[in-house]
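Following the hints, put chain B in place on chain A, whose structure we already have.
Chains as they are written, first to last, in numbering that gives the first Met the number 0: chain A, 0 to 405; chain B, 0 to 77.
Misleading hints may appear alongside valid ones.
[Stated by the list, open to error] Calculated pairs, DSS-like style, for lysine-lysine (alpha carbon to alpha carbon, straight line, at most 27 Å):
{"no.": "1", "chain 1": "A", "residue 1": "K104", "chain 2": "A", "residue 2": "K82"}
{"no.": "2", "chain 1": "B", "residue 1": "K12", "chain 2": "B", "residue 2": "K30"}
{"no.": "3", "chain 1": "A", "residue 1": "K394", "chain 2": "A", "residue 2": "K104"}
{"no.": "4", "chain 1": "A", "residue 1": "K247", "chain 2": "B", "residue 2": "K12"}
{"no.": "5", "chain 1": "B", "residue 1": "K30", "chain 2": "A", "residue 2": "K242"}
{"no.": "6", "chain 1": "A", "residue 1": "K82", "chain 2": "A", "residue 2": "K394"}
{"no.": "7", "chain 1": "B", "residue 1": "K12", "chain 2": "A", "residue 2": "K242"}
{"no.": "8", "chain 1": "B", "residue 1": "K30", "chain 2": "A", "residue 2": "K104"}
For the record, the hints were derived by calculation from the structure and aren't laboratory data.
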Amino acid sequence: MNVGIEALNVYCGLAQIPVPELFEGRGLDAERLGNLMMRNRSVGLPFEDPVTNAVNAARPIAAGEDRIEILITSTESGLDYSKSVASYVHEYLGLPRSCRVVEVKQACYAATAAVQLAAAYVASGVSPGAKALVIATDVALVDERAAYAEPAMGAGAAAVLISDRPRVLDLDLGAFGNHSYETMDSARPGPTFDIADSDRSLFAYLDCLTSCLAGYRSRVEDADFATTFDHLAMHTPFAGMVKAAHRKLMRESGGGTASIEEDFERRVLPSLAYPRRVGNLCSGSVYLALASLIDHAALDGPARVGLYSYGSGCSSEFFSGLVDEESASTLAGMRIGEHLDGRCELGFDEYAALLPDTLTCLVPERDRQVDVGAYEHLLSRARFDRDLLVNTGTKDYHRTYEWLAP
Amino acid sequence: MATREHVEGVVHKAIDEILPGVEIDGRAHLKDLGADSVDRVEIIMAVLDRLGVREPLSSFGGVPSVDALVDFLWERVR
Chain A
0 MNVGIEALNV YCGLAQIPVP ELFEGRGLDA ERLGNLMMRN RSVGLPFEDP
50 VTNAVNAARP IAAGEDRIEI LITSTESGLD YSKSVASYVH EYLGLPRSCR
100 VVEVKQACYA ATAAVQLAAA YVASGVSPGA KALVIATDVA LVDERAAYAE
150 PAMGAGAAAV LISDRPRVLD LDLGAFGNHS YETMDSARPG PTFDIADSDR
200 SLFAYLDCLT SCLAGYRSRV EDADFATTFD HLAMHTPFAG MVKAAHRKLM
250 RESGGGTASI EEDFERRVLP SLAYPRRVGN LCSGSVYLAL ASLIDHAALD
300 GPARVGLYSY GSGCSSEFFS GLVDEESAST LAGMRIGEHL DGRCELGFDE
350 YAALLPDTLT CLVPERDRQV DVGAYEHLLS RARFDRDLLV NTGTKDYHRT
400 YEWLAP
Chain B
0 MATREHVEGV VHKAIDEILP GVEIDGRAHL KDLGADSVDR VEIIMAVLDR
50 LGVREPLSSF GGVPSVDALV DFLWERVR
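Excised from the complex, chain A in its bound form (with noise of 0.2 Å):
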């Protein structure tokens, strides 16, 4: 049996910022802009949260769909101790209530756990023709104290659909390595800051590279990081780190230094594309990088994928799949390039503006409300052309949502 991803799209608000905008506005080094490769970030807006993203990214696949019987919704920016995202989630994709619905937390790593124990759950047939949805949906909560990581992180969703007719992503089950191990290089300990410690996490990443897919040669004879995958999707902190992780990985497989930037350029770039012009997506940041490879790459025939997921904290796997024309096909419908361009730029002051808003937006509060008419200069400026669901507050604790028309 086949199995992988059938559907996948993203949504990554209705706002972004240069990323040379934010360095002047913050007075940071702009001689690091080189190694970061980031050019802009998706901002969320005070209406948006981590349910309206995984709902407006997850809508364009779920809808129609009468065989989704697991939700999943992975996130680091959950709302509450006791009641999932995926709780919302559910109620405003119209899913049935027969349907299994849970959280998932483990940083930006959560979703791929979460994606393969649904391909597994829908491999072992003991629902035939089941399929799982998992969003990985999450809110940036960085202003000018993260420094260089503030340009880098993004916001927003990504959505897959897992079942048995895999058109985006055919799982290569079986094959892959994992490797976890306590660390603090990054945690969000309260709902409004982030804590990150970036020699420690970017060194993790790396190390869990190479042991993850010492892990999967372990499962696949003679695999190797140079030969085997004709394209990566990696997680994506920022660009220059996967540019990086490619370099580690290119000399630990013992190839020439004097190829490794045309290899690159081939394998790696396509799937930079979008993180680059989103931030870090968090846990979907991998899912934005396929989306990214099959968007740019050119596929004219089954190509294998490697893919590389990371989660402060940490747990990481490396994994594979084959993408194709139909996957090119598939995703096209998503139109993701057109939804990134349609994004209002907003200037330095506009952006720092929002952030007493945005930073606040996990914070529990009893009654509350958003008055999305506020933001209409902001709005009117976004190019979108469907309903997308907006959050109007909370009351009695409850968060409340209405559908926003075009």
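Same frame as chain A, now just chain B:
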């Protein structure tokens, strides 16, 4: 057997390749010399390569200065 001076030379050369012309103060952290996170990875990987040392990158997370980096590596090669 490698001397500390040899290790120091390898470290300083790698720093100079990534940060051309930088004045290397052994008491400074690589960050203070202007190395961003990608530069730091490149420097450490180059040094490990040239010294033939196998060590997880995570071992270097708490190394506070260039001199401490030299000492750490020297411990592993001597």
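Original post:
Which numbered hints turn out to be false for this structure?
Top reply: Going through the list in order, the structure violates hint 8 alone and respects the others.
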